[in-house]
Amino acid sequence: MKTKLKLTRVKVIRQREIAPSVFVLSFQRPWDFTAGQVIGIGGHENDEARLYSIASGELDDEVDILYNINPDGKLTPWMAQLNTADTLWVSEPFGSFTGSGEPGWWIASGTGIAPFVSMFRTGLYKNKKVIHGGRNLQSFYFHELFENELKDNYIRCCSREQSPEIYNGRITQYLRERSDLPTNEKYYLCGSAEMVVDARDILIEKGIPFDNIVSEIYF
Amino acid sequence: MLTEKETLLGKTRDELTQLSLDLGLPSYTGNQLAYWLYKTAVESFDEMTNISKKARAILNEKYDLGAFPPQSVKESLDGTKKYLFNAGKAKFIEAAYIPDGDRHTLCVSSQVGCKMGCLFCMTGKQGFQGQLDAGEILNQLRSIPERKLMTNIVYMGMGEPFDNLEAVMRSTAILTAEYGFAISVRKVTVSTIGIIPAMKIFLEQSKCNLAVSLHSPFDEERRKLMPIQNVYPVKDVVDTITQYDIGKYRRVSFEYIMFKGINDTRRHVNELARLLNKVNCRMNLIRFHTIPGTPLEGSDEDTILDFQAALNTKGITTTIRASRGQDIEAACGLLSTKELVKQKKEKGIPDA
Numbered sequence: 001m002k003t004k005l006k007l008t009r010v011k012v013i014r015q016r017e018i019a020p021s022v023f024v025l026s027f028q029r030p031w032d033f034t035a036g037q038v039i040g041i042g043g044h045e046n047d048e049a050r051l052y053s054i055a056s057g058e059l060d061d062e063v064d065i066l067y068n069i070n071p072d073g074k075l076t077p078w079m080a081q082l083n084t085a086d087t088l089w090v091s092e093p094f095g096s097f098t099g100s101g102e103p104g105w106w107i108a109s110g111t112g113i114a115p116f117v118s119m120f121r122t123g124l125y126k127n128k129k130v131i132h133g134g135r136n137l138q139s140f141y142f143h144e145l146f147e148n149e150l151k152d153n154y155i156r157c158c159s160r161e162q163s164p165e166i167y168n169g170r171i172t173q174y175l176r177e178r179s180d181l182p183t184n185e186k187y188y189l190c191g192s193a194e195m196v197v198d199a200r201d202i203l204i205e206k207g208i209p210f211d212n213i214v215s216e217i218y219f
Numbered sequence: 001m002l003t004e005k006e007t008l009l010g011k012t013r014d015e016l017t018q019l020s021l022d023l024g025l026p027s028y029t030g031n032q033l034a035y036w037l038y039k040t041a042v043e044s045f046d047e048m049t050n051i052s053k054k055a056r057a058i059l060n061e062k063y064d065l066g067a068f069p070p071q072s073v074k075e076s077l078d079g080t081k082k083y084l085f086n087a088g089k090a091k092f093i094e095a096a097y098i099p100d101g102d103r104h105t106l107c108v109s110s111q112v113g114c115k116m117g118c119l120f121c122m123t124g125k126q127g128f129q130g131q132l133d134a135g136e137i138l139n140q141l142r143s144i145p146e147r148k149l150m151t152n153i154v155y156m157g158m159g160e161p162f163d164n165l166e167a168v169m170r171s172t173a174i175l176t177a178e179y180g181f182a183i184s185v186r187k188v189t190v191s192t193i194g195i196i197p198a199m200k201i202f203l204e205q206s207k208c209n210l211a212v213s214l215h216s217p218f219d220e221e222r223r224k225l226m227p228i229q230n231v232y233p234v235k236d237v238v239d240t241i242t243q244y245d246i247g248k249y250r251r252v253s254f255e256y257i258m259f260k261g262i263n264d265t266r267r268h269v270n271e272l273a274r275l276l277n278k279v280n281c282r283m284n285l286i287r288f289h290t291i292p293g294t295p296l297e298g299s300d301e302d303t304i305l306d307f308q309a310a311l312n313t314k315g316i317t318t319t320i321r322a323s324r325g326q327d328i329e330a331a332c333g334l335l336s337t338k339e340l341v342k343q344k345k346e347k348g349i350p351d352a
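Chains as they are written, first to last, in our numbering: chain E, 1 to 219; chain F, 1 to 352.
By construction, these hints were calculated from the structure, which means they are not laboratory data.
All C-beta atoms in this analysis are idealised placements derived from N, C-alpha and C, irrespective of residue type, glycine included.
Hints should not be assumed to be uniformly reliable.
[Unchecked claim] Here are the computed lysine-lysine pairs in the BS3-like style, where the Cα-Cα straight-line distance is at most 30 Å: (1) F:Lys260 / E:Lys186; (2) F:Lys5 / F:Lys89; (3) E:Lys74 / F:Lys89; (4) F:Lys148 / F:Lys53; (5) E:Lys6 / F:Lys207; (6) E:Lys206 / E:Lys186; (7) F:Lys278 / F:Lys207; (8) F:Lys338 / E:Lys74; (9) E:Lys206 / F:Lys224; (10) F:Lys338 / F:Lys74; (11) F:Lys54 / F:Lys5; (12) F:Lys74 / F:Lys89; (13) F:Lys62 / E:Lys74; (14) E:Lys6 / F:Lys200; (15) E:Lys151 / E:Lys126; (16) E:Lys126 / F:Lys224; (17) E:Lys74 / F:Lys5; (18) F:Lys224 / E:Lys6; (19) E:Lys6 / F:Lys278; (20) F:Lys39 / F:Lys187; (21) F:Lys224 / E:Lys186; (22) F:Lys89 / F:Lys39; (23) E:Lys206 / F:Lys260; (24) F:Lys235 / E:Lys186; (25) F:Lys200 / E:Lys74; (26) F:Lys200 / E:Lys11; (27) F:Lys235 / E:Lys6; (28) E:Lys129 / F:Lys224; (29) F:Lys338 / E:Lys186; (30) F:Lys338 / E:Lys206; (31) F:Lys260 / F:Lys314.
[Said to hold, decoys possible] Restraint-style ranges between C-beta atoms, simulated for each label pair: (32) F:Gly293 / E:Pro71: 28 to 36 Å; (33) E:Thr87 / F:Thr242: 29 to 37 Å; (34) E:Lys6 / F:Ala309: 39 to 47 Å; (35) F:Asp100 / E:Arg16: 54 to 62 Å; (36) E:Arg9 / F:Lys74: 49 to 57 Å; (37) F:Val185 / E:Pro71: 36 to 44 Å.
[What the hints assert, rightly or not] Take a look, some chain E residues computed to stay more than 10 Å from chain F by CB distance: (38) Val24; (39) Lys74; (40) Asn153.
Go ahead and model the full structure; you've got the sequences and the hints to work with.
In C-alpha cells, the structure reads:
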C-alpha cells in the first residue's frame with residue numbers, strides 16, 4: 001500500500017528506557033524542524049508510518065523520540081528492541097502544533113509531554129506553566145528539565161500514587177480546582193483524546209475562549 | 001459481540017471458501033456461507049439449510065456467525081431510527097436509519113467513540129473505547145429490520161473511519177460485492193476529517209464516495225475546531241484529492257457545519273471558492289446541533305441560505321442537509337454512548 005509519507009533510513013544512536021516500557025530513541029538529525037512537529041516512523045520503507053512528536057530541541061544534533069510500548073501494536077514492541085546502529089525509517093517533520101514565546105500553558109498527559117520537551121529545549125519555556133499528568137510517579141518524563149527551570153510553574157498530577165510535592169489527582173481535577181486561570185493566555189493540550197477533550201471542556205467552562213486553546217491528540 | 005470463537009461476518013467470499021477447505025468441507029461451502037451471511041438474516045448455522053448437517057456441526061464448533069441484534073431502538077417523530085448495539089465489553093455503538101421517500105440511508109459507526117476530539121462533536125466527548133471489526137460494522141446493516149430497504153450507506157456515525165481503515169475497506173468491499181450486500185459503490189460514502197495517508201489508500205483502492213469534514217478553509221480557525229488540522233491541514237487534503245482522477249460517477253463532497261460568527265462570512269465563501277476551485281465536488285452545509293458545554297452556536301437560517309447561494313454563485317454546487325432525528329439525538333454530531341460506557345466501567349467491565 002502506498003502512503004503519503006516518504007520514509008528515509010536513519011541509524012539509531014542510542015535507546016534509553018526511562019521508565020518501565022517507556023523509551024527515548026535517538027538518531028542523527030537529517031533535517032531542520034520546528035519544535036512541536038511530528039514525524040512518521042516505520043520499520044520498513046513501505047510501512048504505513050505512525051506519528052510521533054519530536055522531543056529534542058531545534059538546535060540539537062540528535063532527534064529524540066519519546067514513546068511507550070503499546071503491547072497490542074506492531075511498531076513500538078519492535079522499536080523497543082532496536083540497538084545502536086540499527087535502522088529505522090522516518091519521514092520529514094511536519095505539523096503546526098508549534099510553540100511561541102508568548103505566555104502560555106503546556107498541558108500534557110503521558111508521552112504527550114514530548115512536543116513540550118522540544119519547545120522547552122528550543123528555549124520557549126519562559127512565561128510558561130507546565131502541567132503534566134501521569135498514572136504513577138515514574139510517569140513524569142523529563143521532570144528534571146522542567147523542575148530546575150520552572151520551579152512552581154511545573155505541576156505534576158499523579159492519579160494513582162502520592163508524593164508530597166506532587167498533586168494527587170488527574171489533570172482535569174487540578175484544572176477544575178484552579179480558580180485563577182487567565183483567559184487571555186494560550187493553552188496547549190497534548191495527549192490522549194480523553195484528556196484533551198475533558199481538559200478543553202473545563203477550560204471553556206472557566207471562561208477561556210476556545211480560540212486560545214490549541215490541541216494535539218495522539219491517535 | 002460476546003463470543004470467544006472466531007466470527008464469520010466480515011470475511012470475504014474467498015476467505016470463506018478457504019476456511020471451508022481448511023475444515024475439509026467442499027469449496028462451494030464458501031459460496032453458501034456468503035449467501036447466508038450477506039443475503040439473509042439467519043442467526044445460526046442450523047438455519048443454513050443447504051449446508052449439510054455434518055458441515056454445520058463442524059462450522060458451529062469452530063466459528064460464530066458474528067451477527068447480533070440491536071439492543072434497543074429509538075424512533076424520531078420524523079421516522080429516523082437510532083439503533084444501539086452492544087458489541088461486548090462496553091463496546092456500545094449507534095447507527096442511524098434515515099428514511100426519505102425512496103431513499104433509505106443507514107449511517108454506520110466505525111469505532112467505539114473517537115480519538116479526533118473535534119470541538120463540535122458529541123462522539124468526540126466520549127473519548128475512544130475501541131475499534132470495530134468489519135463484521136461489527138456490517139452487522140449494523142444486517143441485523144436491522146430495514147436492511148432490505150437500504151439504498152445508501154454512509155460512514156458518518158461514531159468514529160473516524162480512516163483511523164480504522166482496514167476494517168472500513170473490508171466492510172465497503174463486502175457491502176458493494178455482488179456476493180455481499182450488492183449495494184452500488186455510488187451509494188456508499190465514507191466520511192473523514194482528512195487523514196491523508198489513509199485517504200490516499202481509499203482513493204486508490206476503493207470506488208466508493210468520499211466526504212471530507214471541512215468546517216473552515218482557514219488554517220488557524222480550523223485547528224481550533226479540529227485538532228487534526230495540526231497534522232493534516234485541509235489544504236493538503238484538497239491538494240491530495242486533486243491528484244486523483246475521481247471519474248464521472250464517484251462523488252467527492254465537503255461537509256461544512258455552520259457556526260454563527262465563526263465560519264459563516266463572505267470571507268469564508270471567498271476562501272472556500274479559492275480552496276476548492278480545482279476539485280469537482282459538492283458542498284453540504286449542515287446545521288449545527290448544539291451539544292452540552294459547547295462555546296459554539298449554529299448560524300441562523302438566513303445566513304445559511306445566503307451562504308449556500310453565494311457558494312453556488314461561485315460555482316460550487318451546494319446543498320443544505322436536512323436535520324433528521326434531532327429529538328432522539330440521532331442527528332449529525334450527536335451520536336454518543338458515553339453514559340453507557342461509563343455505567344459498564346463502573347460495573348468493572350474493561351474497555352474492549
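Hint check:
With a C-alpha separation of about 23 Å, the suggested pair lysine 260 of chain F and lysine 186 of chain E falls inside the 30 Å cut-off, and the hint holds. Distance restraint check for lysine 5 of chain F and lysine 89 of chain F: the Cα-Cα separation of roughly 15 Å lies within the 30 Å cut-off, and the hinted pair is therefore satisfied. For a cut-off of 30 Å, the pair hint linking lysine 74 of chain E to lysine 89 of chain F stands: about 23 Å separates their Cα positions. Distance hint between lysine 148 of chain F and lysine 53 of chain F is fulfilled; the C-alpha atoms sit about 28 Å from each other, no more than 30 Å.
Between lysine 6 of chain E and lysine 207 of chain F, the direct Cα distance comes to roughly 25 Å. Compliance with the 30 Å bound is thereby established for this hinted pair. Of the supplied pair hints, the one linking lysine 206 of chain E and lysine 186 of chain E holds, its CA atoms being roughly 14 Å apart against a limit of 30 Å. Under the criterion of a C-alpha separation no larger than 30 Å, the hint pairing lysine 278 of chain F with lysine 207 of chain F is consistent with the structure, at around 20 Å. As the CA atoms of lysine 338 of chain F and lysine 74 of chain E are separated by approximately 29 Å, the hinted pair is consistent with the 30 Å bound.
Our distance criterion of 30 Å between C-alpha atoms is met by lysine 206 of chain E and lysine 224 of chain F, whose separation comes to about 17 Å. Using a Cα cut-off of 30 Å, the hinted pair lysine 338 of chain F and lysine 74 of chain F holds, with the two alpha carbons roughly 17 Å apart. For the hint linking lysine 54 of chain F to lysine 5 of chain F, the alpha-carbon distance of about 19 Å falls within 30 Å, and the restraint holds. Proximity of lysine 74 of chain F to lysine 89 of chain F is assessed by CA-CA distance (about 22 Å); at most 30 Å being required, the pair is judged to hold.
At roughly 27 Å between alpha-carbon atoms, lysine 62 of chain F and lysine 74 of chain E fall within 30 Å of each other, so this suggested pair holds. With a CA separation close to 13 Å, the supplied pair lysine 6 of chain E and lysine 200 of chain F stays within the 30 Å bound. Distance check on the hinted pair: lysine 151 of chain E and lysine 126 of chain E sit about 12 Å apart at the alpha-carbon level, within 30 Å; holds. For the hint linking lysine 126 of chain E to lysine 224 of chain F, the alpha-carbon distance of about 24 Å falls within 30 Å, and the restraint holds.
Restraint check: the Cα-Cα separation between lysine 74 of chain E and lysine 5 of chain F comes to about 23 Å, which is no more than 30 Å; the hinted pair holds. Among the hinted pairs, lysine 224 of chain F with lysine 6 of chain E is consistent with the structure: their alpha-carbon atoms are about 28 Å apart, no more than 30 Å. Restraint check for lysine 6 of chain E and lysine 278 of chain F: satisfied, since their Cα atoms lie roughly 25 Å apart, inside the 30 Å limit. A hinted pair counts as satisfied when its Cα atoms are at most 30 Å apart, and lysine 39 of chain F with lysine 187 of chain F qualifies at roughly 18 Å.
Distance restraint check for lysine 224 of chain F and lysine 186 of chain E: the Cα-Cα separation of roughly 12 Å lies within the 30 Å cut-off, and the hinted pair is therefore satisfied. Annotation: proposed proximity of lysine 89 of chain F to lysine 39 of chain F holds, straight-line Cα distance about 28 Å (limit 30 Å). For the hint pairing lysine 206 of chain E with lysine 260 of chain F, the CA-to-CA distance comes to about 21 Å; that is within 30 Å, so the pair holds. For the hint pairing lysine 235 of chain F with lysine 186 of chain E, the CA-to-CA distance comes to about 25 Å; that is within 30 Å, so the pair holds.
For the given pair, lysine 200 of chain F sits about 22 Å from lysine 74 of chain E by alpha-carbon distance, which is consistent with the 30 Å threshold. Restraint check for lysine 200 of chain F and lysine 11 of chain E: satisfied, since their Cα atoms lie roughly 29 Å apart, inside the 30 Å limit. A hinted pair counts as satisfied when its Cα atoms are at most 30 Å apart, and lysine 235 of chain F with lysine 6 of chain E qualifies at roughly 19 Å. Pair hint lysine 129 of chain E plus lysine 224 of chain F holds up; C-alpha atoms about 21 Å apart against a cutoff of 30 Å.
Only pairs whose Cα atoms come within 30 Å are accepted, and lysine 338 of chain F paired with lysine 186 of chain E is accepted, the gap being roughly 29 Å. Of the pairs offered as hints, the one joining lysine 338 of chain F and lysine 206 of chain E holds, with about 23 Å between alpha carbons and a cut-off of 30 Å not exceeded. A C-alpha spacing of about 21 Å is found between lysine 260 of chain F and lysine 314 of chain F, which places the hinted pair at or below 30 Å, so the restraint holds. Separation of glycine 293 of chain F from proline 71 of chain E is about 34 Å and conforms to the stated range, judged on CB atoms against 28 to 36 Å.
Distance hint check: the CB atoms of threonine 87 of chain E and threonine 242 of chain F are about 34 Å apart, consistent with the given range 29 to 37 Å. In this structure the supplied range 39 to 47 Å holds for lysine 6 of chain E paired with alanine 309 of chain F, their Cβ-Cβ distance being about 43 Å. The hinted window of 54 to 62 Å between aspartate 100 of chain F and arginine 16 of chain E holds, with their beta carbons roughly 59 Å apart. In this structure the hint that arginine 9 of chain E and lysine 74 of chain F lie 49 to 57 Å apart at CB holds, the actual value being about 54 Å.
Taken as a hint, the range 36 to 44 Å holds for the pair valine 185 of chain F and proline 71 of chain E, whose Cβ atoms sit roughly 37 Å apart. With a least beta-carbon separation of about 22 Å from chain F, valine 24 of chain E lies farther than 10 Å from that chain, consistent with its non-interface assignment. Residue-level check passed: lysine 74 of chain E sits 13 Å from the nearest beta carbon of chain F, beyond 10 Å. Every beta carbon of chain F lies more than 10 Å from that of asparagine 153 of chain E, the smallest distance being close to 24 Å; the non-interface claim holds.
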